[in-house]
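*Asks:* One letter stands for each residue in the lines below.
There are 4 protein chains.
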Amino acid sequence: MPLSPDQRKEIEDLRAQTQPTLRATVPGMEAHLYKAHEVLDHGFIRVIDYMGDDSAITQAARVSYGKGTKSVQNDEGLIRYLMRHWHSTPFEMCEIKLHVKLPVFVARQWIRHRTANVNEYSARYSILDREFYIPAADDLAAQSVVNNQGRGESLSGEEAERVLRYLRDDATRAYDHYEEMISQDDQQGLARELARMNLPANIYTQWYWKVDLHNLFHFLRLRADAHAQYEIRVYADAICEVVKDWVPAAYGAFEDYRLGGAQLSGKAVECVKRMIAGEKVTQETSGMSKGEWREFEGVIG
Amino acid sequence: MPLSPDQRKEIEDLRAQTQPTLRATVPGMEAHLYKAHEVLDHGFIRVIDYMGDDSAITQAARVSYGKGTKSVQNDEGLIRYLMRHWHSTPFEMCEIKLHVKLPVFVARQWIRHRTANVNEYSARYSILDREFYIPAADDLAAQSVVNNQGRGESLSGEEAERVLRYLRDDATRAYDHYEEMISQDDQQGLARELARMNLPANIYTQWYWKVDLHNLFHFLRLRADAHAQYEIRVYADAICEVVKDWVPAAYGAFEDYRLGGAQLSGKAVECVKRMIAGEKVTQETSGMSKGEWREFEGVIG
Amino acid sequence: MPLSPDQRKEIEDLRAQTQPTLRATVPGMEAHLYKAHEVLDHGFIRVIDYMGDDSAITQAARVSYGKGTKSVQNDEGLIRYLMRHWHSTPFEMCEIKLHVKLPVFVARQWIRHRTANVNEYSARYSILDREFYIPAADDLAAQSVVNNQGRGESLSGEEAERVLRYLRDDATRAYDHYEEMISQDDQQGLARELARMNLPANIYTQWYWKVDLHNLFHFLRLRADAHAQYEIRVYADAICEVVKDWVPAAYGAFEDYRLGGAQLSGKAVECVKRMIAGEKVTQETSGMSKGEWREFEGVIG
Amino acid sequence: MPLSPDQRKEIEDLRAQTQPTLRATVPGMEAHLYKAHEVLDHGFIRVIDYMGDDSAITQAARVSYGKGTKSVQNDEGLIRYLMRHWHSTPFEMCEIKLHVKLPVFVARQWIRHRTANVNEYSARYSILDREFYIPAADDLAAQSVVNNQGRGESLSGEEAERVLRYLRDDATRAYDHYEEMISQDDQQGLARELARMNLPANIYTQWYWKVDLHNLFHFLRLRADAHAQYEIRVYADAICEVVKDWVPAAYGAFEDYRLGGAQLSGKAVECVKRMIAGEKVTQETSGMSKGEWREFEGVIG
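Residue numbers (the numbering used here), protein chains in the order written: chain A, 1 to 301; chain B, 1 to 301; chain C, 1 to 301; chain D, 1 to 301.
Calculated directly from the structure, the hints in this document are not laboratory data. Treat the hints with caution; some may be incorrect.
No distinction is drawn between identical chains; accordingly, a pair holds when it is met within one copy or between any pair of copies.
[Said to hold, decoys possible] No farther apart than 25 Å at their CA atoms in a straight line, the calculated lysine to aspartate or glutamate pairs in the DMTMM-like style are these:
{"#": "1", "residue 1": "Lys35", "residue 2": "Glu120"}
{"#": "2", "residue 1": "Lys290", "residue 2": "Glu76"}
{"#": "3", "residue 1": "Lys273", "residue 2": "Glu10"}
{"#": "4", "residue 1": "Lys35", "residue 2": "Asp6"}
{"#": "5", "residue 1": "Lys267", "residue 2": "Glu241"}
{"#": "6", "residue 1": "Lys9", "residue 2": "Glu38"}
{"#": "7", "residue 1": "Lys280", "residue 2": "Glu180"}
{"#": "8", "residue 1": "Lys290", "residue 2": "Glu270"}
{"#": "9", "residue 1": "Lys267", "residue 2": "Asp245"}
{"#": "10", "residue 1": "Lys9", "residue 2": "Asp129"}
{"#": "11", "residue 1": "Lys273", "residue 2": "Asp225"}
{"#": "12", "residue 1": "Lys9", "residue 2": "Asp41"}
Please build the complete structure, drawing on both the sequences and the hints.
*Replies:* Following this line, the structure appears as structure tokens:
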């Protein structure tokens, strides 16, 4: 359970204070504001603020004076056109701010997306909570045998139990020592900025993360993908659910052109043409490497 | 007069539609929303949207669950501390979107600030309006004689008149030819993307410009400065008036530490110490170059 | 002829001074260094510096200690894999610095690519040269009738002549007045930062532009594309020739996956599958809009 | 000892292969190339590549055709002027690429500087080495009592011993379990991307980090500062030594204006003026808060 009663109370208080505004407002996002969407065993994402809606995208594209909406159909058509042709700046006109609680090893992947604003909980100033990500038994995957990045089958039996025991015990011991080292009872107490180095990468941290819609889509394309590590993908999936309510037309275009689409090389396009013309093409006659051909079959198979 | 009756009508319509929201809301900014603040002879800035307030800055700094406000005094003190110590990420948590109408030569300076999102009116797709910046007589400055970047006295008499006549006539003729070249009456009509090359740099363009508060402060520090060209400084000044209403504590800290403050070199700090101790320091004994000394005198003189 | 005899002399001098270095060095780029590749009537691109080669990409991908090269074939396979899977950071490890002379209206498009470093010739400090882009007769295109961004047939006869006369005469007059306004003979002389506003968008400017390979590929994908305006495309094409000599494996992958490839939507992938299975698919049965279908036919037709 | 014999051999081989180049070359940097400068107990920084020199900064500022050097004195004066007036783009014309080996908790601070290119060793693909940062006894600092971010005195006696024992034992145990969990001897073997979560934040990682000189100076200003955590400051200090050899004029200006200088608020400037005029100013009469006054005294005291 990621939230304490105090935190639940604070969220309720925030959700009780409505203000009038002249800004673009999305009812579906108002319903999300401040609420915690639970992810993994102790994590969450919460929408803290947002700017813009589907109309803000077309308004920017048209640089018009008014809200830029001609008709819903027109707007959706324009948004799909912009997405198809890799226009990025109109999507940058929408902005979202999330509060995220996540394990440190997930945070380390996430932060590689540099075009965003981040304020992370500081373990130099503050004391981290005793909260660690311990995978559910089903998510204890073995190393993949076909791919050196990724997972295979779930571990089973004794091996799974042993892994869980190690993860739990090592985290507990490390945190006990962390607490003991920073304690100022009858001793000087180690500086927090040093003591934190004993903590494992499955400890939870949290941050405020603010990003524009274009860069968010880029993040989601890579992190909501089947090749992404499961523990970050569940965050990306939770964010997808929010974005769907925020900018439904843009999200629809993103789903069709990015998540659901495929990038073909020049060689692949040639193969497609030959196959449509009725030719039987194999890897040997495709001009592609084995790896490329396997991925190509994944697309058109 | 920068706005047509239709545009005024649209603004009024937008200002008539209030929505309830749970987001952080600033009454002073609600009063600005959509309104055109006139700048130069045909330009303006308009606030189209904003995200966050002073509390969003301290909230991010504290990564707290709630709104982050302990007391107004505490918040202001924290914001001043953050500004003094060059913390940038908390200020990045606020975002503003402006609609700006400005001469092309001003836009060319402005766009050098790269950490912002921009959608400019497209002269490939669309036809530019017949609107040119013609300086007021008082703003027709001569080249500075002490500084090869910048202005001296205003031009006077015949010379001023001749300059204004050239600017007006050349703009008029260039636009007449632009219109004639793109016309499709009894001719093919030159592509807009080509015809625009005949237009001078004082023609007005417009764009949506979205930026976070940290980068906006950086822009304002350079462009609201006395060394900035007058024609961009008036835009920066107009934006300062808006920011003051948006995040008063952050703006106050910015004014004190950036606009009103000074950066001293190590050498200058040494001189200050000697002067406070009663020593008479001159450029010759300061270790500074003439240029540095002149600027140093400007600070402490 | 874009270069003066003095400039040619300087380039020769620079090319005469060889230094020993331990850095990664590309003979093909050494052959380009400092030389001006002419573009349009007075423009050019010149390679001023570069960092890295194909091996720097794989070295970063492997974060190895040495040069990262196992064998040429392996490296090329890895580079293709990285390009196919949208890995961006290894390509960011290569950097290039160009000196570019280009018309202002081209510079205005170019600068919209924000992830690059730019130093432009300053018309506040300095006096611009009397050099304007005047299109060759064949490049005087009419506005497209099918597409409101873009060009149709070339203008012909009297219309073409009139356009060229306007462009030449207006530029000449604007520059005569620019010179006269800033002159300090028997008058104060208008500030350069003001006088420049009279100059049209086909005047040439110049800048140093430094960019990493990932962002350069993004620029080239959009600007070497058939939909880009001709006057920027010729710059992109000239840069492509240089990149081919700099990082041949990366450029080859870029050509196959980006320039020569295609992005299919989820709907388009479904259509391809049906067509390969022998079904006759039309726009009506595709689920695509007319615009999407037209573009889809362009890919597979 | 951070390097294995194989790694030393590779560095020697790289340093044995000189190539001729026409690019700007800095002998002081050639002497650094590839060599490991040791930092902390197992870390290092190595220069892998560089672009530009002091002249590249002035060349960009002047956008000249040649190397931009008029005389050394002029160049140095111009560089100091650019630094003093916060010009950033000329400094962006120089670029450096480092290979860095560093503890994960240092890497987490470092990566917050987003305007740089990074490729980190992947613990999804690869197995991390058994190397942990264990502070020297003198660097085992207690939590500061005046400042909740930072350190006080060193721990002593039994407390210090206990801390070191915890750090060593917990790291050893965590790594033993990491190895055991990923082992495929008689078991499936946990995926690497999961097993890494058991490893503490003092384990070493490594990356290639590429950054331009402007952003590097920003990093160094914050991280070579007395307020920075010791464990990142030693990296910043090691980089300072390299930059001094790379761009001596720019580094000198940086030292004087940034590292050795001070930023005064408007209020502080007023106090300085009064003090120079002979007035005795106290915190009470300064208009500053206690915190600001304490820092002000630190500058002028």
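*Asks:* All the hints need checking, so say for each whether the structure fits it.
*Replies:* Hint check results:
1. Taking the shortest Cα distances, Lys35 and Glu120 sit within 25 Å of each other inside one copy (19 Å), while across copies they are farther apart (34 Å).
2. Proximity of Lys290 and Glu76 under a CA criterion of 25 Å is satisfied inter-copy only: 14 Å between copies versus 39 Å inside one chain copy.
3. In this homomeric assembly, Lys273 and Glu10 never come within 25 Å of each other (Cα to Cα): the closest approach is 59 Å inside a single copy and 48 Å across copies.
4. Taking the shortest Cα distances, Lys35 and Asp6 sit within 25 Å of each other inside one copy (14 Å), while across copies they are farther apart (41 Å).
5. For the homomeric pair Lys267 and Glu241, the shortest alpha-carbon distance between copies (21 Å) is at most 25 Å, but the shortest distance inside one copy (36 Å) is not.
6. Within a single copy, Lys9 and Glu38 get their C-alpha atoms as close as 17 Å, which meets the 25 Å cut-off; across copies the closest is 45 Å, which misses it.
7. Proximity of Lys280 to Glu180 under the C-alpha cut-off of 25 Å is found in neither arrangement, the shortest distances being 69 Å within a copy and 48 Å between copies.
8. Taking identical chains as interchangeable, the C-alpha atoms of Lys290 and Glu270 lie at most 25 Å apart whether they share a chain (17 Å) or sit on different chains (23 Å).
9. When the C-alpha separation of Lys267 and Asp245 is checked against a cutoff of 25 Å, the pair qualifies only between copies, where the shortest distance is 22 Å, while the shortest distance within a copy is 38 Å.
10. Proximity of Lys9 to Asp129 under the C-alpha cut-off of 25 Å is restricted to the intra-copy arrangement: shortest distance 20 Å within a copy versus 45 Å between copies.
11. Taking the shortest alpha-carbon separations for Lys273 and Asp225, only the inter-copy value of 21 Å comes in at or below 25 Å, while the best intra-copy value is 27 Å.
12. Within a single copy, Lys9 and Asp41 get their C-alpha atoms as close as 21 Å, which meets the 25 Å cut-off; across copies the closest is 47 Å, which misses it.
Violation of the numbered hints given earlier is confined to hints 3, 7; the remaining hints are satisfied by the structure.
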